Amino acid sequence: MADETTPVAVAVPRSGSPGTQSEPAPTPKPAPAKPAEKAKVVAPAFREYPTIPALKIDSMVESNPYVSAAVHNESVGFPGTLVDGWEQKAVAKMGELLGKYRSLKVYMDACVHCGACTDKCHYFIGTGDPKNMPVARQDLMRSVYRRYYTLPGKLFPKLVGARDMTKDVLDDWFRYYNQCSECRRCSVFCPYGIDTAEVTMAAKEIMHSVGLGHKYVNEIIGKVHKIGNNLGLPGPALENTLEGLEEDVLEDTGAAVKYPLDVKGAEVLLVTPSADFFAEPHVDSLIGYGKVFHAAGISWTLSSKASEAGNFGMFIGNYEQMQKIAMRVREAALELGVKRIVVGECGHAWRVAYAFWNTLTGIGAGANDPFAIQLQKQLDPNYKQPSHICEVTWDLIQAGRLKFNKEANDHRIVTFHDSCNVARGSRMGDYAGGQFDIPRNIIRAVANHYVDMSEATTREKTFCCGGGGGLLTDELLDLRVKGALPRMEALNRIVQDNGVNFMATICAICKAQFTKVLPYYGFKMSMVGGVHQLVSTAIVLNNEQ
Amino acid sequence: MNLLFALLFYVATLILVGGIAYRVYDYARTPAPLKIPTTPAPTTSGGVAFRMFREVVFFESLFKSNLWIWALGWTFHLGLALVLLRHLRYFTEPVNFIIAFIQPFGMYAGFAMAAGLAGLWARRILVERIRYISTPSDHLMLALLLGIAVTGLAMKFLMHTDIVAVKAFFLGLMVFEINPLPSHPGLYLHLGMVVLLMIVFPVSKLLHAPGVFFSPTRNQVDNPRETRHLAPWAAKFEAKN
Chain A
1 MADETTPVAV AVPRSGSPGT QSEPAPTPKP APAKPAEKAK VVAPAFREYP
51 TIPALKIDSM VESNPYVSAA VHNESVGFPG TLVDGWEQKA VAKMGELLGK
101 YRSLKVYMDA CVHCGACTDK CHYFIGTGDP KNMPVARQDL MRSVYRRYYT
151 LPGKLFPKLV GARDMTKDVL DDWFRYYNQC SECRRCSVFC PYGIDTAEVT
201 MAAKEIMHSV GLGHKYVNEI IGKVHKIGNN LGLPGPALEN TLEGLEEDVL
251 EDTGAAVKYP LDVKGAEVLL VTPSADFFAE PHVDSLIGYG KVFHAAGISW
301 TLSSKASEAG NFGMFIGNYE QMQKIAMRVR EAALELGVKR IVVGECGHAW
351 RVAYAFWNTL TGIGAGANDP FAIQLQKQLD PNYKQPSHIC EVTWDLIQAG
401 RLKFNKEAND HRIVTFHDSC NVARGSRMGD YAGGQFDIPR NIIRAVANHY
451 VDMSEATTRE KTFCCGGGGG LLTDELLDLR VKGALPRMEA LNRIVQDNGV
501 NFMATICAIC KAQFTKVLPY YGFKMSMVGG VHQLVSTAIV LNNEQ
Chain B
1001 MNLLFALLFY VATLILVGGI AYRVYDYART PAPLKIPTTP APTTSGGVAF
1051 RMFREVVFFE SLFKSNLWIW ALGWTFHLGL ALVLLRHLRY FTEPVNFIIA
1101 FIQPFGMYAG FAMAAGLAGL WARRILVERI RYISTPSDHL MLALLLGIAV
1151 TGLAMKFLMH TDIVAVKAFF LGLMVFEINP LPSHPGLYLH LGMVVLLMIV
1201 FPVSKLLHAP GVFFSPTRNQ VDNPRETRHL APWAAKFEAK N
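Order-wise, the sequence lines are chains A and B.
Note that the first sequence covers residues 1 to 545 in the working numbering.
Note that the second sequence covers residues 1001 to 1241 in the working numbering.
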């Protein structure tokens, strides 16, 4: 892994020095096409009132991710470079997707340009670039759809805003579909539920199919297929890391908490984002999961094969990639013979696990086909499959099986950032909205000081951290900093009013993104952490060995 | 003129009904391979029906989003609905008592409809963000609807036409008889624009009306862990695995 030069999905290595960063980390290997300029990363000023910005045409036209090299495109099964006749092939691919995805078909037709979504995207709020308004982002594709797939667009293209599929259009796609974090905030407010994430995913699928790949995402997908996780950590490295954790926890607490790997016959398989294995603050939550299982006496294991909960296949809208990545979890579960599958703190991973795993891999319940039944008869029907680690912990708290010393968190005044994919793409517990209450319930059970941010920025209306959807890469740092503006403003308010000094979240991307971005807004990077980091601080362990 | 309008209405009706039927069929046959309700979402199909009801009748999401657009849009649509119901009197004999009852409301609804449209158009011109996303067809659609509303109101309040004859014309069309239509420029304009609206409906953004019912983020039940959801094209991948 040492020779890999990907900008990894983590902010700082575990041993990294704390403190603020004023400069973005240099990108390891500039893309040949576009030399890495000295990045101009500017955090917008906080607004006194959250007014809607005036349009700044083309203000983000320079924001491009690196184009994937041929080797990385091909390793994931896409053409290496832009193929001959890509215009026709892209249009044909669009036609294929229109026949496979009802969402795309309906959303291309249904928009009336009412403008309800125009001020809802964090990237628009942070940049003012009109193409970051959700409707305008959709129209980058809708204009092409109208040209080739509707009668008025064929007859009167100008009248209905239809455009030919040209290089200029493709360039705009690559720019602006890579300025969407697929957070679905716009879909909450659309009168027809149009979800720009569906359009962005389709656009990325089309671009990849004609050989225009996204370097950061494709490198990561390649690593999952080859090694098993986004960071490319091989089994022995994992084992070392976990042994190190056991020693650390023993030293800190006197309890022999185990962090097992590949243990056959364990009750629980924990699948967690690989950032949890060595990034700060992620690892503190992994320590917390282990303590919860230890305190409750539940046997559990991690898997070197399924050492990644994240699934970047979703970010590029590719069903087959998403399934192939998810299949590793199914295979690990079958091999290890586990009864329960639990997912760690990761936003998009939880969306994929909660909403898609049953479809993709049969991890779930209620199947009547042999493929899914093979696994489902092995899993314990008394538990939700898969379960979120927060569901597990909250159930144990309610059952009185965990004890806490809440005062251990008294140096913290905590708030909670709802991660977009958890908030708007999944659920926890038995009722709609459980995904908002359960993490907050846990925090209140382990800490004495909790304050919510403005309700216009939490729960289903939460703002993306600015780094989701496969944008967590250094060449997009300026976009990421600007996109964090609405969250930073809401945080700033309760920092000023309530002295909040810790923002808990349950997403590896949020954690990495905030660690990097907080300093640009004058906050300490150590302000962000996991919910299970708080659990870890307060939990009372049985010290018998 | 009588024959021309008769033909136009037959053709427009065929396009409208056939076009929407095809679109609905097309939406219905296109699979939704993944569970993507915008959560928090109902966990039962009854809950989904209630969510859809709130969305279609009260424009719930729009209400959460922007009160101006909601107020103008809802006023327009409610007005349109009442006006359409009111016009059923031209197609039925005897007139249903409910339709008879709403006649006076339908009259004022015409004003509400026009006011809502005018407000939406003003936003399209005055608000920078919405001006940016507007295409010529967005303006023309508003012009067409406003034209229909204004000519209709004009015939009610300014330059009456022989509505008994108009009714005879439409009742005749329904049994394939062509009765004389009053020779009235306002009426010709009104009916001509209605015909145009019917024709463009199935190829325009007016498809939001059937489309909303097929929107997966709104019409799916949030139960992916409890039931397995599999599209036919996606099921084929399992054979490979």
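For the record, the hints were derived by calculation from the structure and aren't laboratory data.
Predicted model, so just to flag it, every value in this text is computed and none were measured.
Any given hint could turn out to be false.
A short, non-exhaustive set of chain B residues, derived as facing chain A with CB atoms under 10 Å [claimed, not checked]:
1) Ile1069
2) Asp1162
3) Ala1165
Derived DEER-like restraints, expressed as beta-carbon distance ranges [stated by the list, open to error]:
4) Gly1172(B) / Asp369(A): 33 to 43 Å
5) Met1174(B) / Ser454(A): 25 to 35 Å
6) Gly366(A) / Gly1172(B): 54 to 64 Å
7) Leu1084(B) / Glu48(A): 19 to 29 Å
8) Leu1084(B) / Ile52(A): 29 to 39 Å
9) Gly95(A) / Ala1021(B): 43 to 53 Å
10) Phe156(A) / Ile1178(B): 28 to 38 Å
Straight line, CA to CA, 25 Å or less: simulated SDA-like cross-link-like pairs of lysine to any residue [as the list claims (entries may be wrong)]:
11) Lys93(A) / Ala1235(B)
12) Lys1167(B) / Glu1177(B)
13) Lys100(A) / Tyr1025(B)
14) Lys406(A) / Asp248(A)
15) Lys158(A) / Asp1138(B)
16) Lys154(A) / Leu1196(B)
17) Lys226(A) / Asp248(A)
18) Lys461(A) / Met1107(B)
For each residue, glycine too, the CB sits at the ideal point set by N, CA and C.
How the hints compare with the structure:
Checking Ile1069(B) against chain A by beta carbon gives a least distance of about 5 Å; that is within 10 Å, so the hint holds. Taking 10 Å as the C-beta cut-off, the interface hint given for Asp1162(B) is violated, the closest approach to chain A being about 36 Å. Hint on Ala1165(B) is violated. Least Cβ distance to chain A is approximately 35 Å, over the 10 Å limit. In this structure the supplied range 33 to 43 Å is violated for Gly1172(B) paired with Asp369(A), their Cβ-Cβ distance being about 57 Å.
Between Met1174(B) and Ser454(A) the beta carbon distance is about 57 Å. The supplied range of 25 to 35 Å is therefore violated. One distance hint, 54 to 64 Å for the beta-carbon pair Gly366(A) and Gly1172(B), holds here, with the actual separation near 56 Å. The given range of 19 to 29 Å is broken by Leu1084(B) and Glu48(A), whose C-beta atoms sit roughly 47 Å from each other. Here the CB-CB span from Leu1084(B) to Ile52(A) is close to 35 Å, well matched to the stated 29 to 39 Å.
A hinted range of 43 to 53 Å for the beta carbons of Gly95(A) and Ala1021(B) is inconsistent with their spacing of about 22 Å. Between Phe156(A) and Ile1178(B) the beta carbon distance is about 32 Å. The supplied range of 28 to 38 Å therefore holds. With a C-alpha separation of about 20 Å, the suggested pair Lys93(A) and Ala1235(B) falls inside the 25 Å cut-off, and the hint holds. Between Lys1167(B) and Glu1177(B), the direct Cα distance comes to roughly 12 Å. Compliance with the 25 Å bound is thereby established for this hinted pair.
For the suggested pair Lys100(A) and Tyr1025(B), the alpha carbons sit about 14 Å apart, so the restraint of at most 25 Å is met. Distance hint between Lys406(A) and Asp248(A) is fulfilled; the C-alpha atoms sit about 22 Å from each other, no more than 25 Å. Proximity of Lys158(A) to Asp1138(B) is assessed by CA-CA distance (about 12 Å); at most 25 Å being required, the pair is judged to hold. Restraint check for Lys154(A) and Leu1196(B): satisfied, since their Cα atoms lie roughly 18 Å apart, inside the 25 Å limit.
About 30 Å separates the Cα atoms of Lys226(A) and Asp248(A), which puts this hinted pair outside 25 Å; it is violated. A distance of roughly 40 Å separates the Cα atoms of Lys461(A) and Met1107(B); the hinted pair therefore is violated under the 25 Å criterion.
When held up to the earlier numbered hints, the structure conflicts with 2, 3, 4, 5, 7, 9, 17 and 18 and fits the remainder.
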